[in-house]
Amino acid sequence: DVKVTQSSRYLVKRTGEKVFLECVQDMDHENMFWYRQDPGLGLRLIYFSYDVKMKEKGDIPEGYSVSREKKERFSLILESASTNQTSMYLCASRISGGSNNEQFFGPGTRLTVL
Amino acid sequence: DQQVKQNSPSLSVQEGRISILNCDYTNSMFDYFLWYKKYPAEGPTFLISISSIKDKNEDGRFTVFLNKSAKHLSLHIVPSQPGDSAVYFCAARDSGNTPLVFGKGTRLSVIA
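If you read the sequences in order, they're chains A and B.
Numbered by the numbering used here, the letters in the first sequence go through residues 1 to 114 in order.
Numbered by the numbering used here, the letters in the second sequence go through residues 1001 to 1112 in order.
Looking at chain A on its own, in the form it has when it is part of the complex (with noise of 0.2 Å):
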């Protein structure tokens, strides 16, 4: 079975502050992405990546960066925090290549910034 893990089910941080969510799959798939989740806006596209140091911009990543140092680990960095990133932060995985590959899922880390 594939697994995605995320270093945090829960985090709360203060604004302005430095944080780091953390994603690591266990398949050796060489995509990986991440993604927040918001009511009513549904599942948008932070930063990708198709292998190890690579990074692309989603759709929305002002205010995020990423790493990608090892193949099955990718971060996403929060550089100062604002409220506004307050959301549901889902990582995913998938193998390189053809239209059939379908991305798997963590379980999510529920941030909240005050």
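It cannot be assumed that every hint is accurate.
To be verified - Not everything, but these chain A residues come out facing chain B in the computed CB check (under 10 Å): (1) G40; (2) L43; (3) R44; (4) E56.
No lab work stands behind these hints: they were computed from the structure.
Just so it is clear, the structure is predicted and the values come from calculations on it, not from any experiment.
Where is the CB? At the ideal position from N, CA and C, for every residue including glycine.
Please build the complex by placing chain B on the supplied structure of chain A, with the hints as guidance.
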């Protein structure tokens, strides 16, 4: 602009009846479509998919229909069960190594 649209934010269905969730897309390059199911405080889980060369795919109680000319797909759940109550996301991608594009989701409530 939204490339994948789920125009019904919510749907309520009686247990045992059919649930029909709809999804429209605008990008004619999309050739693979997926449905994900999400419970509160959990990550989305894959439910069923269909490629553009087919018009129907069935898996147990779940069937997805694709109408390419109308750029429309639907998910049918028969019979609906209370455990099906969740948010359902439609997603699509093209044939390249690109991320999935998700709709905003439809919250299904199955009433016993």
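Going through the hints against the structure:
1. G40: 7 Å, holds
2. L43: 4 Å, holds
3. R44: Constraint on R44/A satisfied, holds at 8 Å.
4. E56: Since the shortest Cβ distance to chain B is 8 Å, the answer is holds.
The structure agrees with every numbered hint stated previously.
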